[in-house]
Amino acid sequence: MKNIDSNGHVRGTSVYLDDIPVIQGTLFGLVFDAPMAHGSIEAVDYSKAEALPGVVRIFTANDIPGENQIGGIVPDEPLFAEGDIHFQGQPIALIVAESEHIAAKARKLIDIRIVEKPVITDPREAQAKGQLIIPPRTFRLGDPAAQWAKCAHVFEGRADSNGQEHLYIETQGAYAVPMENGHIKIHSSTQGPTAVQRTAARVLGVPMHKIEVDVTRLGGGFGGKEDQATPWGVMAALAAGQLKRPVKIALHRLDDMRMTGKRHPYSSDYRIGLSTDGKILAYEVTFYQNAGAAADLSPAVMERTLFHCTNAYFIPHVTATAYSCRTNLPPNTAFRGFGGPQGMFAIEAALAHAAREMGIPKHLLQQKNLLTEGAEFPYGQIAEGVEIGKIWQTLEAKFSIEKTEKAVAAFNNANAQVKKGLPCSPFASAFHLQKHL
Amino acid sequence: MLEFMLNDRVVRTSKPSGSLLLDFIRYDQRLTGTKIGCREGDCGACTVLMGSLVDGRLQYHSATSCLTPVGNAAGKHIVTVEGLNMDQLSPVQQAIVEEGGTQCGFCTVGFVLSLTGFCLQADQMANYPAAIAAIDGNICRCTGYKSLERAAARLTDALAARPNGDAIAWLVANQFLPEYFQQVPDQLRAMQPAPASANGKPRVSGGTDLYVQQHDTLVEQEVTLLFDRPALKGITVEDGICTLGAQTTVADMLHSEALQTMFPRLSEHLKLVSSTPIRAISTLGGNFVNASPIGDMTAFFIALNAQLHIDGPNGARRIFLKNLYHGYKTLDLAPDELITAVSFAVPPANSRFNFEKVSKRTHLDIASVNTAILIFMDGNAIAEVHLSAGGIGPVPTFLEKTCAWLQGKELIAETVRSAAEILQTEISPISDVRGAAAYKRLLLRQLFYAHFITLFPETINLDLLR
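One line per chain: the protein sequences are A and B, in this order. End of the first sequence = 430 in the working numbering, gap-free, step of one. End of the second sequence = 467 in the working numbering, gap-free, step of one.
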C-alpha cells in the first residue's frame, strides 16, 4: 500500500499550514500564557506591550463576542483564562502583531500579578479531595469479593504509567482569513475540523455556516491535534474577524510543549486472584486518571481504559473503577490508544507480579487465560470469532518464547553491564466492538 | 552584502548576518520544502546541505538551518530539496517512497537531505552503518524508522557501484543529483569573498547553542562571524603537541587521521556528542566559551590537560582550559579577547584515554553527567591522572583531589573504589530536569568505574568494584 502523497512529500512540495502562501496584510498571533500552575489573576498590564510598534492588538476574554468556552465534552475550559488560572501554559491573551518576532518581544513586556494557590499534580490527591472531571464509572462482571477466599493466590499492587509528549513534528497552528459577508475561513492543522468549526462559531457567536475549516494535511497528530488544535484555530478566527485581516498562529515548539496536554498518566491499584494452575479467577482494579485541568477528551479516554481493563484475557469476576482526576497540569488528551494502553498496562503488571511470585513464566499465565469463544467482557459483550488462541500458537511455533527466554537468560548471565529482556503481550482492540454498546 | 549559491543559482542578500538561514530559505526565497520543527537543532526537519571547496574539491555536510546564521552560508553552496528535485525522483527519494518511509511527510525532506549527504560522503564511508549515522539527527514520529532503515540499506546497495574518485560526476550520471552540481565548483570560485565582519558585534561560531539561548536578539543584527576564518581552522601535530584551531568542528575531529590514531575509540566517543548535522557546525571554541557545565568537548579537553591560546589587544597568552572557569558562565577571558586554538601533548604509549556520557536519550541529548579521563601508567602503578566531569557543579570540572590521590597508587579495584569516595567530596551536583543530585552522584561514580572497566578490562571489572 502506497501513501498517495509520497511523491510530494519526498520532493518537499506537499503544503502544510506554514507553507500556505501568505496573503498581503497577514498578521501574526502569539499566545500569552499563565506563568504558574494555579492562582488567581490580580492584574495584567498590557500597556507596554501594546505600545510596542508593530503590535496591532491584544485579545483577552473581554474581547469574546460569544461564549468564552472551548470544552467539547464538558464545558469547563475557557479559551482565555479569566479570574483563575489552572495550569502553567494556560492561554490568557493573544498578541497580534505585524510579525511573530514583534509579538515575541511584546510578550516579554506584559506584567502579570497572580496570587498563587495550592497545586495538585497527583491524581490520587485530586480524587481524595473530590476533584473529579466526571463521576467515577465502574464495570462489573460476576462478584470478585466472593472469590478471594477461593483463590490459591491473591496479589495486590500498584502500577503507574507516565505521560508522553506527542511531538508531532509540525507544531500546532492555524491561519484564519476573513471572507465575504462576515464568513471566516480557517486553515487548521487539526484532526477534528468539526470541533474547530463548532467551537469557533460558539466563541465568535455566529452560526456554524459562517465558519469554514480547511485541512489539507497534518505534519503529525497522534491524537494531539484531535481536540487541542481547536484553541489556535478559534483564536486566529476571533482576531481575523475583528481586525478584518488574515491572522496566522504557528506555535513555537516550546510554546506547544508547554501549553498542550499529553498522554494521560495513570496510577492504578490492582488485586488479582488465581487458581493453583494459574487461571485468573478474579480481578479488581482502580484507575486514577490524571486528566489535567480540564475535561478535554478525558471522559472518553477513561471509558476506553475500562474497555481494555482485561486486555485479551477472560476473567469471570471483575470490578474495574475509574476516576478522572482534575489536576493543575495542561489538559491531557487523545494519544494513540486513547486510554487503552493504560488499562492493559495494569492487568499486564498484575500478571507479571503473579508470575514472579508463583515462580512460573509470565507467558504461560498469559496463554492460559486468553479469551475463548463466547467469553464475556466486563461490559457485557460476548466475544465471537475469537482467534487469539490460534494467533498465540502460530507465534509460539514461529518464535518459541521459551527458547528466546533461555537465550536472554544466557546472555544476561554472560554480561554484567548490558542486559536484555523479552516483552510479550497480547492485545485486544475494543475499537471495533463499539456497535455492541 | 552576503553572496552564496542557493541550489542552482547565486543569491545575494542584505539581511543581517545574524539572521537565520532557515528563515531566509523559507520566507525570503519561499522554498518551503525545508520545514520548521523545533528551531533548536533537535528534530532535523530543517536539514540542508552546505558545500564548500576543500583543496579544490567540493565537499558537503548536512547542517540544521535553524541554528545557522545566514552569514555562515557566505561563499558556499546551500542545497535544499528544491535543489535536488529532477523530473524523476532521485534514488534517495525513490527508496523512501518504495519502502514506505514517508507518512505525514513533515520530517521527510530532512531525511532526503541527510541521506543525499550520505551519498556525497567520501568513498570509504558508503556502508550501512554510515547511512544510519547520517540520519542520526532526524526525528520521525510516524514510521518507527524501520522503513527508513530499509531505504538506507537500499541506498547503500546502490552506492556499491560508485567508483572511487569524483563522487559528484557519478552521482549526476546516476540521477542522484541534478546536472548543475558539476558547475558548482566554478561558480563558487567566481564568488566574492565573505565581507569582513564588523568588530564589537556579538561573535558567533557555529551558533548551535547560541541561537537556542539568544535567538530573539541575534537574528536582528550583524554579527562577527568566526566560523570560516582560516586562521582559526586546522589540526596540526608538531613536536608532540597537537594544536586545533578554535573553529575546528567536532566533525573535523572525527575526520582527522591524526586524532583517530591518538584516540582509537574517537568515533565511539564523538557519537555521543549531538548529531551529524550539529557536529558539522559546532566548534571547540564555541563549546569552551559557552561554558555549559555539561559541555561535552570541554570535559574531553580538560582531561587532556589542554591549553587555550588566547589573543587580545594586550597580546597573546595561554591558560589551561581547566582554569578558564571562575564560576557559572564566568570566564577568565576579557570581552575583547578571542580563543584562537587549543593544544595538548599527544598522549604517550603508556597512557589511556576514555570519555563517558549519560543523557536521557542515548543520542542527540544534553548530558546528565559526562566525564573524561587520561591516565598514565608506570607498570601496575598509576603515574598520573587527569579526570574531568560535567553536570556535577556550576562549571566543567577538573577533579583535582581525586587525581592527586590516585597518583602513585597500585591499579586494583580497591584503589578505584576508594577514589570514587574521594570523588564524591569534590562535586556539588544540583537537582534539575536532567536528574536529582543523588542520581548524578551515582551516575558519576558509575561512569568513573566505567573508565577503569573499559581501559583496564584485564584488571578491573564490575564484580570486583561491587
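Honestly, I wouldn't trust all of these hints.
As the list claims (entries may be wrong) - Here are some of the chain B residues that sit facing chain A, going by a computed Cβ distance under 8 Å: (1) Glu41; (2) Cys44; (3) Val55; (4) Glu83; (5) Gln94; (6) Arg142; (7) Asn165; (8) Asp217; (9) Thr460; (10) Asp464.
No lab work stands behind these hints: they were computed from the structure. C-beta atoms are modelled at their ideal positions from N, C-alpha and C, and glycine is treated no differently.
Each hint, compared with the structure:
Hint on Glu41/B holds. Least Cβ distance to chain A is approximately 7 Å, under the 8 Å limit. About 6 Å separates the beta-carbon of Cys44/B from the nearest beta-carbon of chain A, less than 8 Å, and the hint is met. This hint is violated: Val55/B has a C-beta 28 Å from the nearest C-beta of chain A, more than the 8 Å allowed. Below 8 Å, beta-carbon pairs count as interface contacts, and Glu83/B has one with chain A at about 7 Å; its hint therefore holds.
Contact between Gln94/B and chain A, as hinted, is supported at the beta carbon level, the nearest pair being about 4 Å apart and thus within 8 Å. Contact between Arg142/B and chain A, as hinted, is supported at the beta carbon level, the nearest pair being about 5 Å apart and thus within 8 Å. For Asn165/B, the interface hint is violated, the least distance from its beta-carbon to any beta-carbon of chain A being 29 Å, above 8 Å. At about 6 Å, the closest approach between the beta carbon of Asp217/B and any beta carbon in chain A falls short of 8 Å, and the interface hint on this residue holds.
This hint is violated: Thr460/B has a C-beta 15 Å from the nearest C-beta of chain A, more than the 8 Å allowed. Residue-level restraint check for Asp464/B holds (minimum Cβ-Cβ distance to chain A is 6 Å; threshold 8 Å).
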